[in-house]
Structure formats: structure tokens, C-alpha cells
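Trainee: Same order as they appear, the protein sequences are chains A and B. According to this note's numbering, the stretch in the first sequence is residues 1 to 339, in order. According to this note's numbering, the stretch in the second sequence is residues 340 to 635, in order.
Keep in mind that the hints were calculated from the coordinates and are not lab data. Everything numeric in this text was worked out from a predicted model, so none of it was measured. From the three backbone atoms N, C-alpha and C, an ideal C-beta is built for every residue, glycine too. Heads up, a few of these hints could be off.
Cβ-Cβ distance ranges computed for the label pairs, FRET-style [stated by the list, open to error]:
1. A/S283 x B/G400: 33 to 41 Å
2. B/R517 x A/M88: 53 to 61 Å
3. A/P189 x B/R517: 40 to 48 Å
4. A/P160 x B/G400: 40 to 48 Å
5. B/I624 x A/R202: 17 to 25 Å
6. A/L213 x B/V479: 51 to 59 Å
7. B/V604 x A/P189: 44 to 52 Å
8. A/S283 x B/V425: 25 to 33 Å
9. A/P160 x B/P607: 33 to 41 Å
10. A/R162 x B/S463: 33 to 41 Å
11. A/R202 x B/G494: 45 to 53 Å
12. A/L304 x B/M340: 50 to 58 Å
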Amino acid sequence: MIMMTNRQWLMTGAVVVLLLMLPLFLPNFWLANILGRAMVYGIVALSLTFLAHYGGFISLAQTMMAGVAGYAVAMMAPTAIPLGPLAMSYGYAIPLAVLAATLTGALVGLIAVNTREIYLLMITLALAVGFSLFAQSNTQWFRGYEGIRNIVGPEVFGMPFRTHLVFYYVALITAVLMYLLVLYVVRTPFGLALQAVRDSARRTSAIGFSVALHRIGAFALAGFIAGCGGVLITFYNIGITPSSIGLWPTVAVLIMAVIGGLGHPLGAFLGALIYAVMDTFASSIIGHDRFNTLIGLVFLTIVLISPDGVWGIGKRLAGLGGGKEPITDPVAKLTAGGK
Amino acid sequence: MSLQFILTVTLNGLTLAALYFIVASGFSLIFGLMRTVNMAHGALYMVGAYIGFAVFDPIYGSAWSSYAWPIAIVAGIVAVAVLGVVMQVVFLGWMQGQELRQALVTIGLSIIFADQLLANFGGSPFQFFAPDLLFGPVQVPGIGRYPVFRLFQVGLAIAVGVGLWLLLNKTRLGIMVRAGVDDRQMLAACGVNVPLVAATVFALGAALAGLGGVIGATAQPMALGVDARFLLISLVVVIVGGMGSIGGTALGAILIGLAEQWGQVFFPTYSVILTFVIMAAVLAIRPQGLMGRKVA
Chain A
1 MIMMTNRQWL MTGAVVVLLL MLPLFLPNFW LANILGRAMV YGIVALSLTF
51 LAHYGGFISL AQTMMAGVAG YAVAMMAPTA IPLGPLAMSY GYAIPLAVLA
101 ATLTGALVGL IAVNTREIYL LMITLALAVG FSLFAQSNTQ WFRGYEGIRN
151 IVGPEVFGMP FRTHLVFYYV ALITAVLMYL LVLYVVRTPF GLALQAVRDS
201 ARRTSAIGFS VALHRIGAFA LAGFIAGCGG VLITFYNIGI TPSSIGLWPT
251 VAVLIMAVIG GLGHPLGAFL GALIYAVMDT FASSIIGHDR FNTLIGLVFL
301 TIVLISPDGV WGIGKRLAGL GGGKEPITDP VAKLTAGGK
Chain B
340 MSLQFILTVT LNGLTLAALY FIVASGFSLI FGLMRTVNMA HGALYMVGAY
390 IGFAVFDPIY GSAWSSYAWP IAIVAGIVAV AVLGVVMQVV FLGWMQGQEL
440 RQALVTIGLS IIFADQLLAN FGGSPFQFFA PDLLFGPVQV PGIGRYPVFR
490 LFQVGLAIAV GVGLWLLLNK TRLGIMVRAG VDDRQMLAAC GVNVPLVAAT
540 VFALGAALAG LGGVIGATAQ PMALGVDARF LLISLVVVIV GGMGSIGGTA
590 LGAILIGLAE QWGQVFFPTY SVILTFVIMA AVLAIRPQGL MGRKVA
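Generate the whole structure from the sequences, applying the supplied hints.
Mentor: And the structure:
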């Protein structure tokens with residue numbers, strides 16, 4: 001059961017209906033290149049927010065899990081250039097790619113099972129950058145620098161996937177499903193135990209839960225979510241290259257999640273939207289090509305002033321939940337107390 | 340596989356390890372004392388190389404060309420050390436203890452540094468020319484001709500390692516640093532100016548990244564994007580070797596350097612994986628790193 005008050009259900013429903021109706025008002029550019037893009041990257045950021053908020057893990061391996069799904073779907077895609085030996089229809093390729101990302105998530109969780117906080121951040125970052133370097137140096141399967149092109153996605157109701165409307169609606173539906181999935185999972189016994197592990201691993205293991213299994217399970221679920229996002233991102237970019245999963249794309253997902261706010265799953269999408277808007281209009285704000293300086297400054301400002309992100313700012317402004325909720329945001333928690 | 344080949348690959352691995360050690364020891368030093376994971380370490384490496392080259396290029400074209408390289412080294416070190424102090428004093432010092440937040444701040448800074456380098460210096464690759472003394476090949480027994488600069492790299496790494504060991508173990512500053520690792524509050528209560536010690540250590544750690552930048556860009560051409568590589572190397576070396584231990588960093592650097600070179604011999608397109616197999620194996624068996632102390 002997804003726990004939301006009637007008011008929250010109503011708000012969620014209203015937002016979804018609004019998003020469904022947006023194609024009536026907005027030009028195609030906004031639909032696909034800003035909102036659609038924000039949603040597919042937001043899904044990857046959501047997997048990070050899920051791990052950070054409910055598990056206490058700031059994982060930088062989420063882009064890597066998305067990249068595994070992206071590469072897997074690219075290797076198996078029937079339209080790929082160059083066509084791989086595994087080519088099959090998208091109907092099989094997409095689920096297998098998401099499965100690969102889920103397993104990768106579990107593997108990352110297994111490797112990092114005994115580490116937390118800053119060590120986890122370092123290890124997941126090393127894994128992520130290492131994977132992109134591997135993809136870059138491997139010409140046999142990953143096609144080196146060039147990557148794999150022309151991954152256009154399946155046809156939906158006879159229309160090409162890259163049609164603005166099709167892409168927008170698929171991205172929207174997937175994003176909403178993933179969001180609801182996170183809200184559902186955190187109320188299941190697994191999700192509750194995961195939060196208990198976050199708050200006190202020792203006590204949770206003392207009452208008989210396997211801390212390691214819950215950690216690995218959380219990473220596998222995050223891999224599943226990131227994998228769904230990764231497949232869509234690969235369709236959005238019409239292919240995948242090692243540079244699209246390197247250090248900066250990895251950091252970009254972290255930036256989205258932190259700017260939006262790690263304290264709520266919606267923060268991921270909020271952050272991804274802010275990122276996409278700034279990326280698109282940066283040239284008119286700060287001048288040609290200096291997007292990275294701008295986003296770096298915004299990120300730095302958020303981390304220095306409001307570590308719980310735009311979501312946290314909004315929450316404080318609205319005066320919602322003041323004092324009712326314990327601080328569970330990992331960054332804010334560290335801000336409050338340190339070690 | 341001839342003996343000469345085996346020796347050459349091994350020596351290649353060791354010279355690479357020397358560069359890795361110089362860079363990663365700075366990362367490890369900062370982490371060891373301040374628990375600050377400096378995600379901008381790769382960016383600092385790049386800043387050192389670019390500033391060094393900005394100083395090197397005009398001098399190399401002038402009558403003073405033989406002094407260009409040493410001056411570039413000093414310029415790279417000083418510029419990055421100053422940048423390190425600014426980072427510590429302005430951003431990191433007052434959020435001491437909030438490790439994740441510090442890591443996020445340094446990530447933000449590294450994005451800005453890398454982008455500003457691109458804006459000010461452009462993206463074209465460049466390379467330092469080593470002074471005549473360190474240029475060209477030399478006869479090495481069992482191997483034949485070998486670039487003398489790469490042997491110099493090994494010598495420099497050993498000097499850095501010994502210097503750091505002496506500094507940490509035989510000087511007053513070293514005593515304060517080691518005391519700070521164990522208990523910062525007690526150290527402050529003893530009347531030591533802990534923020535000053537922290538700024539000094541950060542300057543030193545950053546300076547090593549700057550030194551590594553100039554050395555690395557002399558050995559191989561420098562281009563944008565190496566910041567990711569050297570941040571990765573620093574992370575992996577320190578994870579494998581153990582946090583805050585000079586010996587561990589050296590061991591980690593040697594392991595990774597050799598693994599990279601031998602990996603390319605045996606399975607060229609999969610050699611990166613070997614590095615990560617080593618990392619995962621160390622994490623599974625000794626999570627604190629090969630020579631790390633158990634985290635309290």
C-alpha cells in the first residue's frame with residue numbers, strides 16, 4: 001500500500017493529469033528536450049534519492065547501472081550500428097537490459113556491502129569511472145570511443161519511439177510508475193527494515209534482519225530503476241558512448257538529486273528539470289559554453305546553503321512538516337551533527 | 340616472452356606507479372588527517388599542469404629556456420598549494436566533520452575548476468619538454484635503452500615518500516598531524532592551532548597534486564579529461580593501500596601500476612577490469628585497505 005494522505009493523492013493526481021495534458025499547450029521542443037529529458041534523467045536520479053533517503057547510501061554508481069542497461073539494450077537492439085551478434089527484437093532486449101542493470105546494482109551492493117558514507121561514495125565512484133574507462137577501451141563489445149549508434153527504440157502503436165509525443169508519454173508513464181514503486185517499496189516490510197538498517201544497522205541485525213541482504217536488495221532495486229532510466233536515455237540519445245557514462249554524467253546525476261533535494265523522491269525529478277532548463281538556457285544566462293561553471297556554482301550554493309535542496313527550501317517556505325518529521329536526509333543529518 | 344620484455348613491462352609499471360604515488364599520496368594525506376575526501380584532487384592535478392605550462396611556454400621560447408622546466412614545477416606546486424589553502428579556509432574548514440558535505444563541495448569546485456581551465460586555456464593537448472639533463476634514453480642493464488625521465492620519476496616518488504615519512508614521523512608538524520588524526524579536540528585543547536595545521540596539510544596534499552600534474556604532463560601529453568583519470572587512480576590506490584598510510588599508498592600505487600601495464604600485455608581491451616578486481620578483492624578481504632588501520 002502506498003501511504004499518502006488524501007491530499008497528497010489529490011496533488012499527485014492533479015500533477016499527473018496536468019503533465020498528461022501538457023502536449024496540448026507546449027511546443028515539441030519543450031516536451032521532448034526539456035520535460036522528457038528531465039523525466040528520463042530524473043528516473044536515474046530517483047534511484048540515487050531512493051538509496052540516499054531510505055538507505056543512507058550516497059551511491060555514485062547509478063549512472064553506471066543506467067549505462068549497463070543502455071549498453072545492454074544497444075548490444076541487443078535490432079537497429080544498432082554496428083549490429084552486434086546478439087541482435088533481437090526490442091521486446092526481449094529491453095527487459096534483458098533492465099535485468100542486467102538490476103544484477104549490476106546487486107553486484108555493486110555486494111562489493112560495497114561493508115562500507116558506508118564516504119567510503120561508499122569513493123568506491124561507487126571508482127566503479128562508475130572504471131566502467132566507463134572499460135567501455136572506452138573495449139572495442140570488442142562496447143565499440144570503444146564510438147559507442148553504439150542508431151538505437152531508436154521500438155515502435156509504439158505503429159509510431160516511431162522518437163516521435164515527440166511517444167517519447168514524452170512513455171517517459172512520463174515510466175517516471176510515474178517508478179515514483180509510485182519507490183513510495184510503495186518503502187512501506188513494505190523490506191522497505192521498513194531498510195530504513196531501520198539506515199538508522200541503526202547494529203540494532204536491526206540484533207533483532208534478526210540480515211543487514212547485508214537488505215543493502216544488496218536496495219542496490220538491486222536502485223539498479224532496476226536506474227536501468228529503466230538508462231534504456232530511455234539511450235533511446236533519447238539515439239545510442240550510447242563511453243563519455244555519456246563517464247565522471248561528469250555521473251556527477252550530473254548527483255547534482256540533479258542534490259539540487260532537487262535528497263529528502264523526497266520528487267526532489268530527483270525537480271532537480272533533473274532544473275538541470276535540463278539550465279543546460280538549455282545557460283548560453284543566455286552566463287554566456288557561451290560555460291554551462292559547467294554555472295551548474296557548478298548552483299550546486300555549490302545549494303550544498304553550502306541548503307543541503308536538502310530546492311525541495312527543502314520549498315518545504316521550509318511552506319512551513320510544512322515543521323518538527324513533525326525527524327531529519328532523515330543523509331546530507332542534512334551530517335550537516336546537523338557530523339560524526 | 341624474453342627476460343628483457345618482462346623487465347621492461349615491470350619497469351614501465353613501476354614508473355607509472357611512481358607518478359600514481361606522487362598524486363595519490365597527496366589525496367591520502369588530506370584524507371588521513373582531515374577525513375576530507377578531496378574529489379577535486381584530479382582537477383588540482385590538471386590545474387598544476389595548466390598553470391605550470393602557462394609559465395613554462397613563454398620562458399621556454401626565451402633565452403632562459405633551460406630554467407623553464409624547474410620554474411614550471413615550482414609554479415605548478417605553488418599555484419595549486421594556494422588554491423588548496425583557499426579551498427580549505429573558505430569552504431571546507433568550517434564544515435569539518437561533515438564528510439559527505441565536504442565531498443559534495445569539492446565535487447562542485449572540481450566542476451568549476453575544470454570548466455574554467457577549458458575557458459582560459461582551451462582544450463588543445465600540450466606537453467612539457469624535460470630539461471636536457473633528464474631528456475633522452477639511458478642504458479639500463481637487462482633492458483637496454485630506457486627514457487631517463489621515467490627513471491627520474493621513480494627517484495622523485497621515492498624522495499616524496501621518504502620526505503613525507505620524515506615530515507610525519509620526525510618533525511613537530513608531523514607530531515601535530517598524527518595527533519590530529521587520533522583526536523582533533525584534544526590537540527586543540529593542547530594549544531595547537533588546528534585550523535593552521537589543517538590548512539598546511541591541505542596545501543601540502545594539493546601541492547603534491549600540482550607536482551604530479553607537471554611531472555605527468557612531461558611524461559605524457561596533457562589533455563582535458565585527465566582529471567577523471569587521476570581522481571580515479573587516487574581513489575583506487577588509497578582504497579587498495581589503506582587510508583592515510585604512506586606505505587599503503589606506495590603499495591597500492593605499485594600494485595595498480597603493475598596491474599595496468601601487465602594487464603595490457605595479457606588482455607589489452609580488458610585491462611581496466613584487473614584494477615577493479617584487485618579493488619574488489621581487497622575490499623572483500625581487508626576493507627580498511629592492505630596497510631590501513633581498522634576504522635574505529
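Trainee: Confirm or reject each hint.
Mentor: Here is what the structure says about each hint:
One distance hint, 33 to 41 Å for the beta-carbon pair A/S283 and B/G400, holds here, with the actual separation near 36 Å. Between B/R517 and A/M88 the beta carbons are some 60 Å apart, a value that agrees with the proposed interval 53 to 61 Å. A beta carbon spacing of about 47 Å between A/P189 and B/R517 agrees with the range 40 to 48 Å that was offered as a hint. Between A/P160 and B/G400 the C-beta distance comes to about 57 Å, which lies outside the given range of 40 to 48 Å.
For B/I624 paired with A/R202, a C-beta distance near 23 Å keeps the hint of 17 to 25 Å intact. At roughly 53 Å, the beta carbons of A/L213 and B/V479 sit within the given window of 51 to 59 Å. A beta carbon spacing of about 51 Å between B/V604 and A/P189 agrees with the range 44 to 52 Å that was offered as a hint. At about 29 Å, the beta-carbon gap between A/S283 and B/V425 stays in the expected band of 25 to 33 Å.
Taking the beta carbon of each, A/P160 and B/P607 are about 39 Å apart, inside 33 to 41 Å as hinted. In this structure the hint that A/R162 and B/S463 lie 33 to 41 Å apart at CB holds, the actual value being about 35 Å. Between A/R202 and B/G494 the CB atoms are about 49 Å apart, so this pair conforms to the stated range of 45 to 53 Å. The given range of 50 to 58 Å is respected by A/L304 and B/M340, whose C-beta atoms sit roughly 55 Å from each other.
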